[in-house]
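Asker: Dock chain B against the given chain A, drawing on the hints supplied.
Going down the list, the sequences are from chains A and B. Per our numbering, the first sequence runs over residues 1 to 219. Per our numbering, the second sequence runs over residues 1 to 219.
Among the clues, some could well be false.
Straight line, CA to CA, 25 Å or less: simulated DMTMM-like cross-link-like pairs of lysine to aspartate or glutamate [stated by the list, open to error]:
#1 A:K170 with A:D89
#2 B:K144 with B:E192
#3 A:K170 with B:E43
#4 A:K70 with A:E90
#5 B:K170 with A:E43
#6 B:K144 with A:D73
#7 A:K144 with B:D73
#8 A:K170 with B:E119
#9 A:K170 with B:E192
#10 A:K144 with B:E192
#11 B:K72 with A:E157
#12 A:K144 with A:E56
#13 A:K72 with B:E43
#14 A:K170 with A:D74
#15 B:K144 with A:E43
#16 A:K72 with B:D73
#17 B:K170 with A:E196
#18 A:K144 with B:E119
#19 A:K170 with A:D190
#20 B:K170 with A:E119
#21 A:K29 with A:E13
#22 B:K170 with A:E192
#23 A:K144 with B:E43
Because the hints were derived from the structure by calculation, they are not lab data.
Protein chains: 2
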Amino acid sequence: MSPPSSRPAAAPESPWLAADTRAQQRELKRQAVLHAAAQLFNERGFHATSLDDIAERLHVTKPTLYYYVKSKDDILLECVRTALGMMRDEIVVVRRAGGRAIDQLVACMRVYALIVTQEFGRCVIRIGEDPLPPPLRRELRALKSGIDQEFRRLVAEGIQEGSIAPCDPKMAAFMLGGALSWIGRWYRPDGELSPEQIADRGIALVLNGIVTRRRATKT
Amino acid sequence: MSPPSSRPAAAPESPWLAADTRAQQRELKRQAVLHAAAQLFNERGFHATSLDDIAERLHVTKPTLYYYVKSKDDILLECVRTALGMMRDEIVVVRRAGGRAIDQLVACMRVYALIVTQEFGRCVIRIGEDPLPPPLRRELRALKSGIDQEFRRLVAEGIQEGSIAPCDPKMAAFMLGGALSWIGRWYRPDGELSPEQIADRGIALVLNGIVTRRRATKT
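Just chain A, same shape as in the assembly (with noise of 0.2 Å):
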């Protein structure tokens, strides 16, 4: 026969999770709801989703949902909040690691052309800044404008170094971001080409423009 255990006993184990765990679970289910609310805006637009629809989707009550997040409105703040600060920070990363400025704008473009294929991404262009109200379009549009600038600064030092041709960098910064914006309004997840083709063939167009190279076509 065995020796009786001289371990102590095991606390009984709470039914309750530790406070850490909570927080944790709580994050979790509040980033599953704001996905849930992004794929519904990007399938059906913003105003033809109701939290009823999320709701729905996840399998739980309207008033479950008001543990998450405060209204539509709040959803899609933090949506779009999400998205530009990705970009914000991945274009960061980009800066500090240095380099040819065209090098660092090919490597920004291609952050903000993946990021607008992306559920959060989706929401910054189809659904603009109209529905909100005017304190948090005010915070939106700083963000907007950080990653504009960014743009607009490297353009600028591009012109510096050579990479790229002469012109206003404001103009510049405005009609890329133009261009790879609008591909959160025509990408579909299920059509012929991936988020990565899509962003290099996108980024190809807008730096090489489309006229045949050796005739620059003045208008």
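Answerer: Just chain B, lined up with the frame of chain A:
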């Protein structure tokens, strides 16, 4: 003394307008409603604008508005329809005039860029398709798609004639459409550049790209 006039006495003027004049006046007023609404949508956003705001700007009552339009959605639709209809008509004119595909493409891009800076054109881009009920959304999508197809055809013809570098016409039409459409998002009537200057510079950037000529950059 002059003899009494032999002209028959003029019929007394009716205090009611003739039917065709009435129809004309009604159309003028309807256009004024649409224009005031488009201005407000562009200033404040579609959702932030009420029918009361539109009535106030025109110094009329809301019931008066209902004589010309059915709803705010109906107004938006009419604004967007007008803009897209103008684009389509002007593109038809350019196509009929013929000439090199690259020159036709530049002319069509100019039409597009100029219309998206106008009140009705800015509605197309700022507001998107989201707030409209499905049948109207389909109608607008068809109008937009017709314009997009024309751009694709012109790019394909440009490749044939050697003025446009070999590329995927669909991707090219999306990228140039995006860059030009985006003008409607950032254009401000009180900005530094006129719509014509924006159109010229924007089109030059899209045609020639941004990298220094003599070295195509691969991504």
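Asker: Indicate, hint by hint, whether the structure satisfies it.
Answerer: Going through the hints against the structure:
no.: 1; hint: A:K170 with A:D89; result: 22 Å, holds
no.: 2; hint: B:K144 with B:E192; result: 29 Å, violated
no.: 3; hint: A:K170 with B:E43; result: 22 Å, holds
no.: 4; hint: A:K70 with A:E90; result: 28 Å, violated
no.: 5; hint: B:K170 with A:E43; result: 22 Å, holds
no.: 6; hint: B:K144 with A:D73; result: 28 Å, violated
no.: 7; hint: A:K144 with B:D73; result: 28 Å, violated
no.: 8; hint: A:K170 with B:E119; result: 23 Å, holds
no.: 9; hint: A:K170 with B:E192; result: 12 Å, holds
no.: 10; hint: A:K144 with B:E192; result: 21 Å, holds
no.: 11; hint: B:K72 with A:E157; result: 46 Å, violated
no.: 12; hint: A:K144 with A:E56; result: 32 Å, violated
no.: 13; hint: A:K72 with B:E43; result: 24 Å, holds
no.: 14; hint: A:K170 with A:D74; result: 31 Å, violated
no.: 15; hint: B:K144 with A:E43; result: 19 Å, holds
no.: 16; hint: A:K72 with B:D73; result: 21 Å, holds
no.: 17; hint: B:K170 with A:E196; result: 17 Å, holds
no.: 18; hint: A:K144 with B:E119; result: 24 Å, holds
no.: 19; hint: A:K170 with A:D190; result: 34 Å, violated
no.: 20; hint: B:K170 with A:E119; result: 23 Å, holds
no.: 21; hint: A:K29 with A:E13; result: 24 Å, holds
no.: 22; hint: B:K170 with A:E192; result: 12 Å, holds
no.: 23; hint: A:K144 with B:E43; result: 19 Å, holds
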